Structure formats: structure tokens, C-alpha cells
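Peer 1: From first to last, the protein sequence lines are chains E and P.
My numbering numbers the first residue of the first sequence as 1 and each following residue consecutively.
My numbering numbers the first residue of the second sequence as 1001 and each following residue consecutively.
No wet-lab data here; the hints were simulated from the structure.
For clarity, every value in this text was computed on a predicted model and none was experimentally measured.
By construction, the Cβ of each residue, glycine as well, lies at the ideal position given by its N, Cα and C atoms.
Do not rely on the hints blindly, as some may be mistaken.
The calculated label-pair distances, taken between Cβ atoms and stated as ranges, are [as the list claims (entries may be wrong)]:
#: 1; chain 1: E; residue 1: ALA14; chain 2: P; residue 2: VAL1309; range: 55 to 61 Å
#: 2; chain 1: E; residue 1: PRO59; chain 2: P; residue 2: GLU1530; range: 41 to 47 Å
#: 3; chain 1: P; residue 1: ASP1051; chain 2: E; residue 2: PRO34; range: 48 to 54 Å
#: 4; chain 1: E; residue 1: LEU292; chain 2: P; residue 2: ARG1103; range: 58 to 64 Å
#: 5; chain 1: E; residue 1: ARG315; chain 2: P; residue 2: ASP1051; range: 32 to 38 Å
#: 6; chain 1: P; residue 1: ALA1132; chain 2: E; residue 2: SER321; range: 58 to 64 Å
Covered by chain P, according to a simulated footprint, are these stretches of chain E (three or more residues, beta-carbon under 8 Å) [to be verified]:
#: 7; segment: 134-144
#: 8; segment: 180-193
#: 9; segment: 200-210
#: 10; segment: 241-250
#: 11; segment: 254-262
#: 12; segment: 299-308
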Amino acid sequence: MAGSVATRAWRPSALERLDEDLTDLWREVARDAPVSRAVMSNLVVFCRTSGDLDVATLPADLPIEAVAGQHPARIIVLYHDAAAEGRDAGRGPRTLDARVGVLTFGAPESRYGVEEIVIRSACDEAALPSIVRALMHGDVPTSIWWTEDLSGSRPLPPIVGLARQFLYDSRCWSDVGAAVRALAPLLEDPFGPDLSDLNWRRLTPVRQAVVHAVASSGGRRRALPAPVVISHGPGEAALAWLTAGWLIACEAVAADVAVEEDARPDAVLSASFGGQLRLRLDAHQVTIDDPLGPAPFTVTVPREDVAAAVAAELRSLPRDSCLGDALAALVRRFGAS
Amino acid sequence: VSDPAANDSVLSSEPAADASDTTLFERLAVGSAAPLVAQPVTLVIFGGGGDLAHRKLLPALYNLHLDGLLPPRMAIVGVGRPATTDDAYRAFAKDGITHFSRRPIDEAGWEAFAASLFFVNLTIEDSGSFAALGSRLDVIEHERGLPGNRIYYLALPSAAFVPAVEQLARARFVARPLARAGDSQERTGFARLIVEKPIGRDLASAQAINDAIAKVFDESQIYRIDHYLGKETVQNILVLRFANSIFEPQFNQKYVDHVQITVAEEEGVGTRGGYYEQAGALRDMVQNHMLQLLALIAMEPPRTLDADVVRDEKLEIIKALRPITGEAVERQVVRAQYTSGFHLGTPVPGYRNEPRVDPKSRTETYVALQLFIDNWRWAGVPFFLRTGKRLPKRASEISVRLKDVPPILFNRDAAAPLDPNVLTVRIQPDEGFALGIVSKIPGPQVRVYPVKMDFRYGSTFGATSPEAYERLLLDVMIGDPTLFMRRDAVEAAWRFVMPILDRWDAETTKPLATYAAGEWGPPEARRLIESAGRQWRDP
């Protein structure tokens, strides 16, 4: 099963000879023992950068190798130098730097390897697809992992248009309204990519708990009791707004949903429905206290690190209509861009 | 929509156009990414202090708990002997999870899980202890706010099935579902029964068990577990066949030369000699696991994925098996017993020298069969099945060998025929499938070489797959019987193997074939397949 990287082979490269360098690397890696190339998808990891950057360095805060171990993909890390874009606008594609690598996993007798390509680009936005398209395998799905805070970094349409899936983490949003407005064009585009939000995954046990609470009340409720107040801890505003969006999209509440901050440092998310049904999410479980239900209950929060969450999202290609509907409710709230 | 500037922290509700058409539950549980929701339930494990619970059931339930898939407030009640306390049972569970769970103990997760575990001392034959069990269940369910939904898991020898079910009836633990689904169940809670294989040791005993259970439980309440059917690769057989246009057109007598199914175990009978003496390889593996695998690889496309539609198609295959009777048993079936040999360089005893095994035992530890499915799709295509203990390695796989290309172009040399195309479905270990094809070797000459296109679950989907029992237990909680065996399929499988068992029972003097531990079976098995012009394909 997937584990840590067994071997790493890297070499500097250039855009025009990436494939040749990769071919050489595969030969080198397979010299001692056979290795299978594993590729489920193209994973384009988009990171903005500025100034000098060594492409030998992967983004320190992203578990890219761990994701590769759990969801083998051709990984294309694209460092885009936005400042250079402004300086050199209109000069056409320029690749400043690139390197290629093969990571292997598994036991010696059943090794498999994935390819990793790191590029630092400094070109016009419109020219980016010409780089990425050349690096993608055409017969597998392509996912874009947008590592920026969408509050201040709008998805680049030329890149996003290449993908079947657009993956982001709303937990890093500093301004929920701005980020929602940045996503609005993707939601409105019928041919746009499917959206995947790592933070939305964290709501799964919350949704499960609410569904159970409704089921436990024996179908006596036509809507959740009002008023609805959702409180969130520091840095969890997006989670609270997604909860609100989901409830509105499901027509689960017949009144407004208020979202407020809870300054306690250990607070994550809690909700009160008419002062009766109460929900609280912490790091381990969701607790539901419902006077109409038979007894308080908990739903376990699955243990999942970022790499496992990313890999799980990459495997989930069907469109998540619930997320789309929740975001659409938020777009109506915050306005489109 | 509110003006954000005026009311920054409010999301306004919207008038519902068709909310009245759906329930609140339906609106919340909608969508492909909706969480799996099993109803709150009490799982009562008879034999809860046994080996199956220790190694498989409790670790599987713990992993479901870590994934947040167990229904809230669920109670897991181990019942049986020896008498123990809730705390001692929790320690027993923790030990099983520590040693056998695919994921290690997580203290926070364990604490919450442990609180759902209970133990009740019970003797199957004692009605009084069932009354005590009922009282304890009532208290647990009241305290945890459970609605009375119960799943009874018989992790017991099959001889104890009937007494246990009769006691359940006597204690009024079981309400049958009414014709209108959900009507009574919402008021009284559902009752479901899980039965472990083997169901009986022949057709008559299987029918007797099924009859006795049917007096208490409706067929829709009965879940007969064959854990093989919960394995990811087995579930993938249907996907492989019916979600890909490349394979299905080839799966018939026009293109398939033959099919092999191998289920090999490297271990001997170990401490299970007492059970195995009464079973043997045909009963233990062929009658259930292997015929189920055969049915999946050979069945017609089901009309839908509804449980009964899929199970109907599988049943058709078992019914279409050409009976092996009389003299045909000698020609088409080989049974054998392992003698002393080696396992990974270490000497190991023969079967007759294993603990609790009769030194003159005629119980087979190996069986190989040649079968035919008498339907339009598979007419004339031989299916070779083999299974055994103390074989060189643990491996289960199905291989579908396609017919040779015509003897022209690259296949002209009769002395060096091309390797055939073989689709291999590996069930364990290293789950996945491979397609053997022929490719040109780079160079000036036209030389060909067999290469393999290989898909491995481990390297493709990365994360550890759930254990079979996790999937199956969750299915019972949700109420999906697709991966469970229906009564008619169990009995049809017994009906097929009975003439073989009867023939063997009549042969009390003919020497049994043997194979040394660590070998791929007896020479007779090789002759069986070679006489049909084929060879075993070792995993």
C-alpha cells in the first residue's frame, strides 16, 4: 500500500526537453529493478511566486509527495511569477526554470513511480495553457489544485479551463465574500470544472449529524427550528458560511441564518436551531443535543490529514451538487463579481 | 436577498418552490456526496467473545467508527461465554483492534468507541439467559436513546444457528416486517440476522437451517455472509465487465478458451482441525466462495444493480452448471490431502498429523474441478477451479484465457506458440487485475515478447482498502443485501456439490491422492487439466 517515498530521482530540465529528461530518468530508475509508471490523472499544483525561486524546492506547506503516494498522478507544480507577468506582458511564454523527477513507492518487487514536473513560469496568463497543455497526459482527467487564498487570487481562466476539477481549500480564505465572488464565474459556467473544497469535506460529519437528528425526530419537522445561529471559531468563517449555504440550498430552514464569530480559541463550529436543537463540532466529533430526539449523540470526525483529503477529492470526479448549491446560495448572498 | 452591507452576518432563506414535495430528510440527504446514513441500531454479536469477533468484527466496527460511518448512539453488545464484564470486553476488543485492525488505535477515537461496547453472559440453550439479555438490551437502548433496531450476528458454529434463532423467537426479539415497508419498523424497530458461512454441511442440513430461520425471520431480514463478496476486487468484477466496453464482447465461447479460478492458502489447518475434519475443501471453499466467484465472472449483465436482480443472475449461473455425477466425478474432480513438506524452508506436518485430525482421515485439503456452464454464452468453455491448503503461497485469482490467434503471421511456429492473452483478476493479495498481451521487442528483427498491463489497487488508489467485513457490516446496517447470499443460491450451490460428496462418501477404500506441503497440488490435478489440453496458471 501507499507509503512514503522509496526513492527520488531528479534532474534539472527545460520546457523543450522535459519529455526526454523524464524518459532518461525512467530508464535510470528502472536500471536495477522494474518499476511501473502509475498515472491516474494530471495534477496541476498552482502556486504564485515572485522574485528568485529555486525549482528544486517544493512548496513546503503542501504534502505533494504524500498525495502522489495515495493518488498517483503526473504532478505538475507551476510556480507562476505574477510580477514578471506585469513586467514582461506581451512577450510570449518564457520558462525560467524547470526540473523533472520520478518518485517511487512500494516494495522493491512491486515498485511504482510517479512523475513530478516543477516549472517556474513568467509569462502572460494567456500563454500559460500552452505550457500546461504540453505537459498533460491527454487520456486521464486533469485537476487543478489552487493553493492560493481565493480572496485575493482569482482563478486564472486560461488554466482553469483545462481542468475537469478545481480543488481548493476554503479554510485559507481571509474574506469569504471576496472568495465566493471569485468562484462565481466557475459556478455559472455550465462547462466549467467541478469544484472540490477540502474544507467542505470537514462538513461531512456535520451534515451526517443533522440528517440523523432529522431522522431521529421521526419526520415531525418540516424545517429546522428558527432562528438559526451558526458560530465559528477563529479562522473558521468559511466553514460556517458553507454550513449556512448548505442549509439554505436544501431549504432546511424557513428563516434567515445568522453567522457570528466565537472568539474562544478552541471553538470550531456550533449551531443553534431555535434554541432547541444544538450542534457542536470539535476536532474529534460532532455532538447533537436535540430535545425532540431520544438522546444526545455524537458523530465521529474521520481522521484524515491534508494529503488523504486531497487524494480522496482527486478520486471523486462526479460533480458535488450539494457543494455547488451551497456556493450558489452564498453567491446570491455576497453577489457575483 | 439581504443587503450585505446592511446585515453582514445573515444568509437569508429563499422561498421554496417545491419544498412540499420532499421531506426535510430527503432534502438534506440528497446528492452523490451525501453521507451514508445508517439508522441507529444495536448490534448483538452471538459469539462476541470468539475468534471472529476478536480478529475481524470488532476491528471492522472500529474502523467504521473512525470513518464516522457507524450510526450515532450505536450499541455493540457481545454475548456468549465465558462470563465477563463490559470493561473486560472492552479490553478484549482493544486487544483485537491493536493486533488486527488495518489502522492503529487512536486514543480519542477508541474512548468514544469503547463506550458503545457491552457484554452479556449468555448460554444459547438457556432461555433464562435470553430474558436477561432482553432486559439488558432494553436498558442499553433506553439509556442511549436507541429506537429498538437490532442486528443479531450469529458468529457461531452452524450447529448453533437453529437453537439461537429459536431462542430469539421465544424471547420475542424479532418482529417480521409488514407488507408495507417501514410501517411497523418505524414503531418497533427492525430486526436483521447475519449468518456466517458455512450454512450446513450438505443440502439437507442447509435446508433444515434455512427452514428453521425462515420460521422466525423473513428472507428480507436475513444476511448470509460470505466475506469474499465484500472484497473490493470481487466487487470490481462487475465494474470491470460491465463498465468497460473492451471486455464484455470477449466474454463468451467465441473468444474465451477457458477460465481458471484459484484460491490457494499457504497455511495448514492449524487449530481448526476439528472443524475442518467435518468440512473439507469442497464444503469450505468451493460450495460458497468459489461458486460465487464463478457466478460473478460468468453471469449475464443484470438489468439493474438492485440486490435481487444481481442475485437472480448469479443464481442462473449456478443453476446452469452441468451436474457432475457418477463416473464423471472421477474424470472431472480431484481431491487430495497434503502430506508433510516445507513452508518457506521450514518443515511442516502432513494433514493427518495436525492437531484434532483423525490419523486415518479422508478429508480433502485440496480439490480441483473441471466445470461447464450449459448456457449459450459459455457452451463448451471449461472452467477449472482449484483450492487447497498448504500450497506454495496465499493467492486468490481468476484468469480468463482468450483463444489463440490463428497460426499465421506471428503465430506460425507450432513449436513456439505465442503466449495467449490472459485477463487475470487478483483477489488477494495485491488486489488488482492484469492483461497479458504480446509486444514487439525493440530491434531490427521481428521478435515478440509477452508483457503485462497491470493494475494494482495499492498503487493506483493508494489508501488502504476497507476490509471486507467493514463493507458488509455497513451494508447490513443500511439494509443493502446485494453482497449477501440468498437462500436459493446457497441451496443451488449445495445441490451442485452433493453428487460429488455422495460419490466420495461411497468411496471408502480408494487411496486418496496426496501432495507434499508447499507444492501446487497432486499430479492428478495436473493431469486433469492437461487432459483437456490446458495447463494450470500458477499465481
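Peer 1: Work down the list of hints and note, for each, if the structure agrees.
Peer 2: The hints, checked one at a time:
1. For E:ALA14 paired with P:VAL1309, a C-beta distance near 57 Å keeps the hint of 55 to 61 Å intact.
2. Checked against the hint of 41 to 47 Å, the C-beta distance between E:PRO59 and P:GLU1530 comes to roughly 59 Å, which is inconsistent with it.
3. Checked against the hint of 48 to 54 Å, the C-beta distance between P:ASP1051 and E:PRO34 comes to roughly 40 Å, which is inconsistent with it.
4. Roughly 35 Å separates the CB atoms of E:LEU292 and P:ARG1103, a value that falls outside the hinted 58 to 64 Å.
5. Against the hinted window of 32 to 38 Å, the Cβ-Cβ separation of E:ARG315 and P:ASP1051 comes to about 34 Å, which satisfies the hint.
6. Against the hinted window of 58 to 64 Å, the Cβ-Cβ separation of P:ALA1132 and E:SER321 comes to about 50 Å, which falls outside the hint.
7. Check on the segment 134-144 of chain E: 0 of its residues sit with their Cβ under 8 Å from a Cβ of chain P, so the three-residue criterion for coverage is violated.
8. For a cut-off of 8 Å, the count of residues in the segment 180-193 of chain E with a CB near a CB of chain P stands at 0, and the three-residue condition is violated.
9. Closer than 8 Å: that is the beta-carbon criterion, and the segment 200-210 of chain E has 6 residues meeting it against chain P, so the requirement of 3 holds.
10. Residues of the segment 241-250 of chain E with a Cβ under 8 Å from some Cβ of chain P number 5, which satisfies the need for three, so the listed coverage holds.
11. With a cut-off of 8 Å between beta carbons, the segment 254-262 of chain E has 7 residues touching chain P; three or more are needed, and the interface restraint holds.
12. For the segment 299-308 of chain E, the assignment as covered by chain P holds, since 6 residues bring a beta-carbon within under 8 Å of that chain's beta-carbons and 3 suffice.
Hints 2, 3, 4, 6, 7 and 8 from the list above are not met by this structure, while the remaining hints are.
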